[in-house]
Amino acid sequence: MAEEIILLDLWASMLGMRVRVALAEKGLKYEYREQDLRDKSPLLLEMNPVHKKIPVLIHNGKPICESLIIVQYIDEVWYNKSPLLPSDPYKRAQARFWADYTDKLYELGRQLWLTKGEEQETAKKGFMECLKLLEGELGDKPYFGGENFGFLDVALVTFSCWFFAYESFGNFSVEAECPKLVAWSKRCMEKDSVSSSLEDPLKIHGFVIMMRKELGVE
Amino acid sequence: MGEEVKLFRTWSSSFALRIVWALKIKGIEYETVFEDLSNKSPLLLQYNPVHKKVPILVHNGKPIAESFVILEYIDETWKQAPLLLEDPYERAKARFWAKFGDDKVLTSVWNVFIKQGKEQEEALVAATENLKFLEEEMKGKKFFGGERIGYVDLALGFLANLISIFEEIIGLKIVDEEKFPSLYSWMQDFAEAPIIRDNWPPRDKMIVKFQALLDATIASSSSSSK
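Same order as they appear, the protein sequences are chains H and D.
Its first residue numbered 157, the first sequence is counted upward by one per residue in the working numbering.
Its first residue numbered 1344, the second sequence is counted upward by one per residue in the working numbering.
The following block holds chain D by itself, in its conformation from the complex (with noise of 0.2 Å):
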């Protein structure tokens, strides 16, 4: 039976690029079924019914949803390349440190760009805290996953591209090369990476993308009552 892989996502989409990574690197075959989130199609609101969002993997007809649960997903049914190591310790550890990439350092690195004064330069300190542990846990390492990238170099694969971006826009440093010199040589590892290097969104949308969804929060807040 053919296998039919489809991948719902958008061109910007962080979380997205993860699954789009996972299937190069395992050389999985899909089609991919751009959503505008603003009019989401009946499929999308069929297929992923408790968040409506993307990215959602259809399998043979059937969705998963949740990009680590879509990692995982692939990475049991497609064994070649795999994303994950055997060992258990290992598999926890990797597990750990993507959900430390979402909950914590992606949230404090959103405030940094987002936030403005005050609130920003906390923001920062949060976001200093958070890398400092990626730092340690990368020392050593060429990725996160070792010689190869792995689950964890997917999972934070997005503040390799997102970063540069966020500080081109508000004009911050947030990983600084002295501070955080093996972090900062994993994103240039990871950027460069061939499968990574020829699917990224096109930056100067990014750039405009996220500019236009500053100035808007900067709008919004400045004509709110206090």
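For reference, chain H alone in the conformation it holds in the complex (with noise of 0.2 Å):
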């Protein structure tokens, strides 16, 4: 039976990414469909009526929501072609755990371009603190699957080309506080899978300037 994949998403979203990366990792086509997510197409609102929001795969007619879920999904699905999750019970329970520990740097980052003074200060800390501790989990490993791109790298490296827009607006470094990081990223992005579905930090840039913009952030 044939597969058909469709892919509701936004270029910018680094959730969105993680499941191109996850798609491109098993080596799957599928359509993509750019949202706007300021005139919610219909098709966003049928697929996901609880959140309304992106990324949805839709799979044979079915939807699946939520980055991380997604992501399990492919690995579930395909499971004979570059396996994300590892099969030990254990390394999947601290894959499961450190992604769920990526999702804070959304709301972080989010807050380091849409405040300023202290409340920025104060997410710059928190994000400083989350990508420390998960240099710290990286270790001296290649990747944070061990030898293998995995779950984990999945859900962090999407975040790496907002790196660039998030240390702009926060006026910091991510490579002098976590060096070991910026050089794992670069490591990720040698993979056609990652460097295929990443977005060019300065269009992130560009498009956080237009974001601050609307919002009225200046």
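Honestly, I wouldn't trust all of these hints.
No more than 20 Å apart at the CA atoms, straight line, and that leaves these computed lysine to any residue pairs for SDA-like [stated by the list, open to error]:
| hint | chain 1 | residue 1 | chain 2 | residue 2 |
| --- | --- | --- | --- | --- |
| 1 | H | Lys209 | D | Tyr1432 |
| 2 | H | Lys288 | D | Leu1388 |
| 3 | D | Lys1482 | H | Val206 |
Estimated spans, in silico, between C-beta atoms of each pair [claimed, not checked]:
| hint | chain 1 | residue 1 | chain 2 | residue 2 | range |
| --- | --- | --- | --- | --- | --- |
| 4 | H | Ser197 | D | Ala1534 | 33 to 43 Å |
| 5 | H | Lys359 | D | Arg1491 | 46 to 56 Å |
| 6 | H | Ala332 | D | Arg1491 | 51 to 61 Å |
| 7 | D | Ala1534 | H | Thr278 | 39 to 49 Å |
| 8 | H | Glu190 | D | Asp1547 | 53 to 63 Å |
| 9 | D | Glu1535 | H | Glu187 | 41 to 51 Å |
| 10 | D | Asp1446 | H | Thr278 | 16 to 26 Å |
| 11 | D | Lys1475 | H | Ala332 | 44 to 54 Å |
| 12 | H | Asp195 | D | Lys1475 | 19 to 29 Å |
| 13 | D | Gly1404 | H | Lys218 | 33 to 43 Å |
| 14 | D | Gly1460 | H | Phe320 | 36 to 46 Å |
| 15 | H | Trp167 | D | Glu1462 | 33 to 43 Å |
| 16 | H | Lys297 | D | Val1393 | 10 to 20 Å |
Hints in this document: simulated from the structure, not taken from any laboratory.
Each residue gets a CB set at the ideal place from its N, CA and C atoms; glycine is no exception.
These two chains come separately, so use the hints to put the complex back together.
In structure tokens:
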């Protein structure tokens, strides 16, 4: 039976990029449909009535929502190519634990470019604490998954194309604080699945400038 | 090699209850370690340095934290009485509803309980919206898992206990039987299932605890300057 895979996404979303990386890792063909979140499509509202957000994966007509849930779904359906989660239950638990932890970066990062003054400083502090903890978890491994690129790598790597934007508005350097993490992200970018899925940091920076204007942050 | 399973929890944590239920459903022997969160043990801090919270499952000396992560670990390690179905789509749906329960339902229900005046009204609107989605998902089923209690039932199970406690304290109906017939009857069925029924924290203790929390919140908000 022919697989029909549609991804409802927003080009700049690091959460949507997680799904793109996972699909690429599995070598899957899919139809990408860019969404306008200011004017939500009937399809988006039908497929994700609860949250009305992207990303949404539609596989043979059935929707799956929430980026990490989608990545796990992809890993479970197409299990015989490039497995993302390890087979050992304890290692899987560690990967899931840390992947959930990376979600904190989303809100903290948002606060970084949305706010100013003390609020921004608090967000910056929280953001760097998270990254440092994650860098500790990486240790000296080439990937979070060990020798192989895995679930936690997918969860975190998409934030790396947002680093430049965070750094500009937050006035700090990720590389200065977490050099191993930056080295890891460069290593990941050598993979086609990652480099073809992540967006240009300069474009992301431009996106944030536009969002700040729209939301009246200046 | 003998299995050594320890569960670090508090007497009242809804998140820890999920793990108690899962272990009992699967018939797994375990030892309980009660924690006082105002005075966290060195072991707790060692086993969960990131969040410093309960529940923590320690299996043969290896710690796992975060209740949903623990539930999946338990399901993958002990295959009897599976909590999640095999089909990836069903699993994705189960994970979705569990996350919705924590992110949206719990938050909005908590706000109905803890907020006052207009904020409470707004919280009730949000909670009702969220509960409507659960009502829809529940239709035609005895449990979220179907005929048997499953992952989503364990994830949302706290509602069956906490909601009636909140309703009693604040004198406000959150899950009205007429508005949410399927959800209401699920709450009864779930609470009465033998394993669940035998493992609720003592109701009178819960009322005292949450009343005290509410009193403290009201006291601190009225004494803070505007």
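Verification of the hints:
For the hint pairing Lys209 of chain H with Tyr1432 of chain D, the CA-to-CA distance comes to about 19 Å; that is within 20 Å, so the pair holds. About 18 Å separates the Cα atoms of Lys288 of chain H and Leu1388 of chain D, which keeps this hinted pair within 20 Å; it holds. With a C-alpha separation of about 16 Å, the suggested pairing of Lys1482 of chain D with Val206 of chain H holds against the 20 Å cut-off. Between Ser197 of chain H and Ala1534 of chain D the Cβ separation comes to about 41 Å, which falls inside the hinted range of 33 to 43 Å.
As the Cβ distance of Lys359 of chain H to Arg1491 of chain D is approximately 49 Å, the hint placing it in 46 to 56 Å holds. Ala332 of chain H and Arg1491 of chain D have their C-beta atoms about 53 Å apart, which keeps the hinted 51 to 61 Å range intact. Between Ala1534 of chain D and Thr278 of chain H the Cβ separation comes to about 41 Å, which falls inside the hinted range of 39 to 49 Å. Evaluation of the 53 to 63 Å hint for Glu190 of chain H and Asp1547 of chain D yields a pass: the beta carbon distance comes to about 56 Å.
Taking the beta carbon of each, Glu1535 of chain D and Glu187 of chain H are about 47 Å apart, inside 41 to 51 Å as hinted. At roughly 22 Å, the beta carbons of Asp1446 of chain D and Thr278 of chain H sit within the given window of 16 to 26 Å. Checked against the hint of 44 to 54 Å, the C-beta distance between Lys1475 of chain D and Ala332 of chain H comes to roughly 49 Å, which is consistent with it. For Asp195 of chain H and Lys1475 of chain D, the Cβ-Cβ distance of about 25 Å falls inside the hinted range of 19 to 29 Å, so the restraint holds.
Between Gly1404 of chain D and Lys218 of chain H the Cβ separation comes to about 41 Å, which falls inside the hinted range of 33 to 43 Å. For the pair Gly1460 of chain D and Phe320 of chain H, the beta carbons lie near 44 Å from each other, so the given range of 36 to 46 Å is met. Against the hinted window of 33 to 43 Å, the Cβ-Cβ separation of Trp167 of chain H and Glu1462 of chain D comes to about 37 Å, which satisfies the hint. Remark: the range hint 10 to 20 Å for Lys297 of chain H to Val1393 of chain D is upheld by a beta-carbon distance near 18 Å.
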